[in-house]
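Chains as they are written, first to last, in our numbering: chain F, 1 to 655; chain V, 1001 to 1491.
Worth flagging that the hints you see were computed from the coordinates, not collected in a lab. Treat the hints with caution; some may be incorrect.
Stated by the list, open to error - Computed footprint of chain F on chain V; a stretch qualifies when at least three of its residues, placed anywhere within it, have a C-beta under 8 Å from a C-beta of chain F: (1) 1266-1277; (2) 1316-1329.
Stated by the list, open to error - A partial selection of chain V residues facing chain F, derived with a Cβ cut-off under 8 Å: (3) L1237; (4) E1239; (5) A1242; (6) F1290.
Model, not experiment: these values are computed from the prediction. Here a beta-carbon is modelled for each residue, glycine too, at the ideal position from N, C-alpha and C.
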Amino acid sequence: MTPDVNHAQAPRPPGRRLRAFAFDPILSRRIATADINQVAIKVPWNDELSKGPADDYLEVVDVDPASGACYAPVDLNDPYLLAQDGLPPSEGNPQFHQQMVYAVARTTIRHFERALGRRVLWSPRITFDPGEGPEDAFVRRLRIYPHALREANAYYSPSKKALLFGYFPASRTDPGENLPGGQVFTCLSHDIVAHETTHALLDGLHRRFIEPSNVDVWALHEAFADIVALFQHFSYPEVLRHQIARTRGSLEQQNLLAQLAQQFGQAIGRYGALRDALGDVDEETSEWKPREPDPEQIIHTTEPHARGAILVAAIFDAFLTIYRRRIADLLRIATGGTGVLPEGQVHPDLVDRLAQEAAKTAQHILHMCIRALDYCPPVDVNFGDYLRALITADADLVSDDRFNYRLAVIEAFRRRGIYPLDVRSLSEESLLWDAPTPEQQEAYRRVFPGGPAKLRQFVPSWGLTVDRKDIYDRARRNQAHVHSWFTDPDGRDAVRAAGLTLAEDTPATINRGPDGRPALEVHSVRPAHRVGPDGQTLTDLVVEITQWRRGYYDPQVQERADRGEIGPPWDFVFRGGCTLLVSLETARVRYCVYKRIRSARRLESQRRFLTRDIDPSLRATYLGDPRRRYFAGSDVEAVEPFALLHRSYEHQEVT
Amino acid sequence: MSPTMVPPDAGVTVRMYRPGIGDCFLLAFRAAGGEDGARYMLIDCGVLVGTPGGADRIRDIAEDIAEATGGHLHVLVATHEHWDHLSGFQYANGTFEDVIIDEVWLAWTEDPDDEVAERLRQKHAMALKGLLAAVDQLGQADEERALAMAGAINRVLDFHRELGVEGRINTTAEQMEYVQGRGSPPRYRRPGEPPIVLPDVEGVRIYVLGPPENEARLSKSDPSTTDSEVYERALALSEANAFYLAALAAGDRDALLDDEGELWERSHPFHPPVPIAMDEAAEHEAHGDFFRARYFGPGENGEDIGWRRIDTEWLGAAGQLALDLDNDTNNTSLALAIELTESGQVLIFPADAQVGNWLSWYDVAWPDEGDCEGDPLTAGDLLRRTVLYKVGHHGSHNATLREKGLEMMESPDLVAMIPVNGDHAEDREWAMPFPPLFARLEEKTKGRIIRADTGLPAGRPERLSESEWESFRAKVEEDSDGLWIQYTVTE
Chain F
1 MTPDVNHAQA PRPPGRRLRA FAFDPILSRR IATADINQVA IKVPWNDELS KGPADDYLEV
61 VDVDPASGAC YAPVDLNDPY LLAQDGLPPS EGNPQFHQQM VYAVARTTIR HFERALGRRV
121 LWSPRITFDP GEGPEDAFVR RLRIYPHALR EANAYYSPSK KALLFGYFPA SRTDPGENLP
181 GGQVFTCLSH DIVAHETTHA LLDGLHRRFI EPSNVDVWAL HEAFADIVAL FQHFSYPEVL
241 RHQIARTRGS LEQQNLLAQL AQQFGQAIGR YGALRDALGD VDEETSEWKP REPDPEQIIH
301 TTEPHARGAI LVAAIFDAFL TIYRRRIADL LRIATGGTGV LPEGQVHPDL VDRLAQEAAK
361 TAQHILHMCI RALDYCPPVD VNFGDYLRAL ITADADLVSD DRFNYRLAVI EAFRRRGIYP
421 LDVRSLSEES LLWDAPTPEQ QEAYRRVFPG GPAKLRQFVP SWGLTVDRKD IYDRARRNQA
481 HVHSWFTDPD GRDAVRAAGL TLAEDTPATI NRGPDGRPAL EVHSVRPAHR VGPDGQTLTD
541 LVVEITQWRR GYYDPQVQER ADRGEIGPPW DFVFRGGCTL LVSLETARVR YCVYKRIRSA
601 RRLESQRRFL TRDIDPSLRA TYLGDPRRRY FAGSDVEAVE PFALLHRSYE HQEVT
Chain V
1001 MSPTMVPPDA GVTVRMYRPG IGDCFLLAFR AAGGEDGARY MLIDCGVLVG TPGGADRIRD
1061 IAEDIAEATG GHLHVLVATH EHWDHLSGFQ YANGTFEDVI IDEVWLAWTE DPDDEVAERL
1121 RQKHAMALKG LLAAVDQLGQ ADEERALAMA GAINRVLDFH RELGVEGRIN TTAEQMEYVQ
1181 GRGSPPRYRR PGEPPIVLPD VEGVRIYVLG PPENEARLSK SDPSTTDSEV YERALALSEA
1241 NAFYLAALAA GDRDALLDDE GELWERSHPF HPPVPIAMDE AAEHEAHGDF FRARYFGPGE
1301 NGEDIGWRRI DTEWLGAAGQ LALDLDNDTN NTSLALAIEL TESGQVLIFP ADAQVGNWLS
1361 WYDVAWPDEG DCEGDPLTAG DLLRRTVLYK VGHHGSHNAT LREKGLEMME SPDLVAMIPV
1421 NGDHAEDREW AMPFPPLFAR LEEKTKGRII RADTGLPAGR PERLSESEWE SFRAKVEEDS
1481 DGLWIQYTVT E
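Extracted from the complex, chain V is given alone in its bound form (with noise of 0.2 Å):
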């Protein structure tokens, strides 16, 4: 098939495709050498779980990139492991299946060779695995108050799994898996590299912001893994692991495995002969009578005492450790800046990078692409001159970042890209796009916000002249099935 989608003659379009709460953009450049040819970039293809229709809408935009590329992808980005940028890959596989894929680029934090990127991974194993057992244990338990905690940490927890059909648990690292296999092999960037040219693509640099390689930007949560004296093994005490081995214990003991049980035993506060089993406490010789009145019941005038327990208060802890988890994952988005470098303009795609992500963007610069000065190229510079940002985490707070994220953005062409579904959030009682921030967006931007649910501002925007408007629309375009909408940054 040949491919539908004309990239410009200098410049690069930007297709958003609108599968809900999900990231999906299809870049197209103009191939040199004077064929009509294109190249082509996908950043990610993924819609969130439980998006109503969500699985059969992410397989029409995947057949939709496979006409609009001819088959042919040039790169494929998968920016993090998180079910709304990867189950794309997932629920239209047979699709991507069937394109030619050149090269997959993946954060360095995705690379099974990197010490630290193998820790991290097993931390954040071992973090969901924890926490899915935890949720497991709230949602049995009889008090309403757990169950409502197991409902909104579910929610948050959609970001890593589905569950799918007959209890099977399907997870981004399968996904991700899948991705990895495409590549041969895939190529682990890193902030700071030196900046990448597309093959038989002129006029365009790509910069890789992010993630980290600094530990501590990576994880703000857990200091502890900065110390590798420590953390002699990947598996070690701390407060998190802690609570995991006794969410997964709590479920079923003997599930453990080896050097997880050796933890699990290590995490007791006091050991044999002080503990009592808590199934025993009751019968207890000596102490039993103080333990049932006191505790399983019934009370000491026979009435009921059980509204005072706390079996599953502890796993109230779950529902931070789930947004550290989020948090962190997203901080191992892979970030980018792509430059055209006749005009200097640049287009940012942060994907979900948080704030340690966003920070150490300060932390590199390309000496080798300073000004005449011998100043090197910063980040700064970068975010000064982008005239394309893809806004992070469908426009939750976090993910943008505020004096030296947006502030810093100052080109007075900017135009911003959510992929959002506002409906579909307010579902979930979430906040996004989080209105202090959409609002300011509106102001950096004059009003040129592209939406993946509203798409284009209803009518003219206040702060936009007439001829910036219709300037601002000529370069859009929207597909009448609603399943994309585009903008082309002209050089």
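Bound-form chain F, shown alone (with noise of 0.2 Å):
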């Protein structure tokens, strides 16, 4: 705890300092770039800051069981500490290993808060009680070990609510440097702590996006992980500057900030497939060159790291476009409109513009893919989903796109052969979500009853102050609320404009309530923020519905099982629901995504994708092809979807 200080006499302070290592320190002994490895990353300042460290949303505990050894919890409170921006970098301490990985994780989570306009949480613990349902039970802290596994790896458990992180012997990747004991810990790559906390946080945001689905899903998850990692790595300006100072010649070779990418997870060979996705050195040339987009590349990929990358390759090339125009009239000044700089070093100031562009750029491109997560559907998501998100999320917050942000999104989601399946063009105006027709708008306002008044009650504050517990709770009564409204009678039509089921003439393997009708979930009321046209910020209350069936693979199968002739257990679990994004000003729906739980195409594209694309690896002939185990594990055997993912990417075969 804090020392005894008179807080009436100093003011609390915003934030604080602790180091952290910008790159991995293996790496850092072979690039240019190490005479700065340093970073000091600012956290909120957190009275109740304690040993671990531990705070309201994260506890790391240094527990290494493969070596039979636990490592004592830094004190970050220490005078000496605080006095210092806490310990100075070092391999050695597995202090500063705690310090880093709780830095880089708390960060993280403000980055998304911040997007967000809202507090975060983990996603709910599931018990089983004997004969009774699942129970959702809260989840205050993330658990963080950094020492827990011997092997090139780190993941997100969701059923131990903890983020594992690997270490393993530097001779693996030091041939020819030859570091005899040396170990590399993926708890200090900044990327890879980044890489694993949003696993979390979208996990504590979309609990269903951890079910394979489509093949897109895991990609998604993938993608969106080391999209927040990447571009939390960018916002840092010290980490630009550096490089952007040994440029030589043409600034408008934004080709180092697209090596500056691949070189990040380098070290672990993480990034593997995002290294392949943004170019490769030419062979002939020695010259690092981009990788020409490729729009037929997205068909024949389907592993998830992999087709992920094209994802994040898509998301770094619109970054580009647009840091690109926002130096443009530096350029024009610095180079008296050549494009080609005179001899000699590049001018600090202009470094420092150029750096601090870059920096707040990648700041806007992070906020903008976390908002786009409130705007996608609550189940079976695809990439054409995310982008339309992506899209509609930015035009409720940027009327004025100085930059055409949008517009680069979308001509490099394009050039990778990334659409959504049911849009007519890919004009801003075609891939924003559609509104509800006039009925359908009609039938929201009956199921909302007491206009925006009474809805704005149910806008508990997310603020900072409340206590996440809280806000658990409370966002749990409103759920039940909104489910009560949605299964009156009243709220029949909505329920339909929602692209959701009440009907009893349904297929018999939609799960059904004690009332034997189709059983809706509740999945999440909370609040979102945008920006009106006069630039007052405005909220949105976001409602996610959804509902279940039972699917099988032979399609006869399923048609008995539809008609009531058979009955559980499944061989997977097919869901459909909607995203509600309601204006708490008129209590109107603004838009309405949905999956139906009655598309039959749909399932047939599941069912498809859980039988016909088998996986050839070795590991899928022994130990089960991981996404029809994942259906076929009940709860309480809680299958671990990242640490195969991660494990099995790492040993890829090539035929």
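Mind assembling these two chains? They're in different frames, but the hints should get you there.
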């Protein structure tokens, strides 16, 4: 605890800084930027920070079962540490590892909260009481184990609500440098920590995004985690300043940033797919060249990391385009219109400005990608949905898109063959989610009784002073309210408008409630912020409702089950649902993003995905296809999708 | 006894035994010199651990081999150290003891005098030891998931060992040792060596395609083995070894050998006085409270926090490592191409060779066997003329290379033999044969696939004409007891 200070005299600091490695320490031995491999990460000030470190969101518990050891927790409130931005970077001191992992995870959380305008919650823990259904329990802190595994791996465990980081001997990555006994710690890689934390954050927001119902789902999880890690890394100007200063010649050479992106996870080999997606060193000229996007590539790329990398490359492409636009005037000024710099070093002021522009753009992109999450369907999400979510979310926030961020994103996606299935064109207007028709709007009006005033009562404060458990409890009560509205007879039309079904004459495979009608689960009720046309901050209510249905691999079995001839168990779970964005000003539903539970096409799609594209790897031969096993395992067995995903990618075979 | 398996006048008969999931192929060649004699070559004899009635069946098979060959095998080939290729020599040891064996052929990776081979052996031995320890630890854990993982990994390790009576573990090493002992001495074959001619057999040449002498091809999963400087001793601190040592230490710290113990110390990420022993952490003077509240329990409010412990999570790496070991062992397969010189027809027996092994075939050539234009004979040439393909690894995907493998086989007479049992594979939840591979095989062979479990296709395959089907069936013979099915390639 903080020493006894008279708080009345001293103002509370907004934050504190904690030192961390900017690049993987092993890598920094090799690349020329080794001079600056340190970053001071700003984290919010917390009076409750305790040993571990631990605060309201995270707890670092340094237990290393493989070595049979535990490592003493660091106390970041020690005055000596407070005075000097925490411990100095050190590979040999586990307490520095604890500090770094806390700092990077905490700052990732902060980006999320800033982008979403509300506090984040971890996904609840699901337990089964004998004889009853699943129960959700609030999980306050995400646990972080910096030295959990003895392998070149790290993963988020949804069942333990924990991040597990591995370590391994250095000889694997440094055959030429011969560092006997040296270890590589994945917890010291800024990008890996941010990546894993993001998996946890996404899981907290969209629990169903772990379910492999189509080829994009796991790829999106991986891509999103990479995007956050990458752009968070770029948002440190000091990192970029150094690289930009080394530029010679034409500053149009944006390869620099892409090359930088490639280097981030290189030591661990974790960003292999991203590396390939961005570019490569030309064997003949020894120059790094960006990879030309191939719109066909996405058609035959099914492995989650490789597929995700295409999405990441698209976002990165958009980032570069926007960055180029933002610095165009600077370049004109600096080069007198020629685009070529004079001989000698780049002027430090120019370097500074360029670095700041890059950092700013990175932060914008980061926030854009995070905000899009509130505009996604609750289940069976795909890349096309995510694109529409990106565009709609950004349109809701920025009306004056001076640098054409949205256009850049659309273009970049188009170049890589990422299209939503059912839009008329790739124009911004077409990509926005559909607004309800007047009839549908009328139906929604009936289901939200009491109009805007009543609705506003349902927006609990998700602000920084409210305890997160209170937020959780409040949200669950609100979910119950919304449930009662939609199951009320007045809600019938709204249910239909939202793509759900409560009718009795629906396939028997749709999960029923105790009253024999199809069950609705109000998955989430939460606030989202946007900016109105006059620049005022407005709030929407995001409501997610889902349903589920038993799925069978054999279409004939499915038919019989739909008719009610066959009961549980099932081969896979098929889900439907909707995300409603409700304006708290007017109680009107602005957008409805839906996936119909009765869609035969979607059901068949998921069936085909799980049965046809058989994983040919040795792992799948012996240990089973992870996607099918996901549905086959009971929740009690707690399948770990990320452990599997990350391990099997490392050992990909090429035939 | 007199031999009962009769070879064709010119050509070779290939008898596929049907033990379950396992390889056992008996080849019969005509002996030259006018006598009605035959020369016999046995390629592997094994059945997978846990096959119901497997041991008895392989004993029946061994007896049939003895009868068929008149108690005299001219060549015994043991392709690699996996249970489903070698267990017959253990289960039916008595029968094999009574059989005369002229020559034993093994891959160079079995040569005790070869440095690289010795290093590989030590590496694999360490891997197996570590994996068995890891599975043991998993099996003792309290969590359902750990037990399920242990079960799955155990099934992969079934290729290497069997849990015998009274806790004894029988391994493939012992079986290979027996086979080595029957050679006087064994011949260790290397890829690219001059084609082998069997004594008294005319018109047959045997080419050795693999295993590769290039270590990178042998073991794709651990590039550090290629750097001999780092690898001063066979036991170096690699990622895999750091895991194995931890698994061994978790079981019994004192059982570690001296150099293992030293490496175990070095494998720790932090050194004394930093680490706090895990079994002392809860009582630690300064931090006991912290570790009790956050890890060992009870939690701050007395709640159960045990569900967040990660005591056995790290053992999960064993799954991939077991697959790596399986892959590496498969890649040490002795891969042979048998050429009938008059017609140029080729039979390919790749054992369980996987990607690295197959690709390495293109690194070897036989300049002296080349064509009239002076081009050397290559693996590609041999593949192009292949008329019989013994499908690798029971039809799993990885053991049949696509572009530079199956797709190179252009003969319109191509026949495939798959030593698989679909039911047994399904019991273990293994995808064998791999459906897309099987479909492609059907296309390439026009339906001429002989499976150990189901034999011939039930009816004439669509792609074969009546006469083609009849002529194919005429070359196939099946044993009434279901012990074998054979196919004859005639010159």
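Verification of the hints:
no., hint, in the structure
1, 1266-1277, "holds (count 9)"
2, 1316-1329, "holds (count 8)"
3, L1237, "holds, 5 Å"
4, E1239, "holds, 4 Å"
5, A1242, "holds, 5 Å"
6, F1290, "holds, 5 Å"
Going down the numbered hints, you'll see the structure goes against none, and every one checks out.
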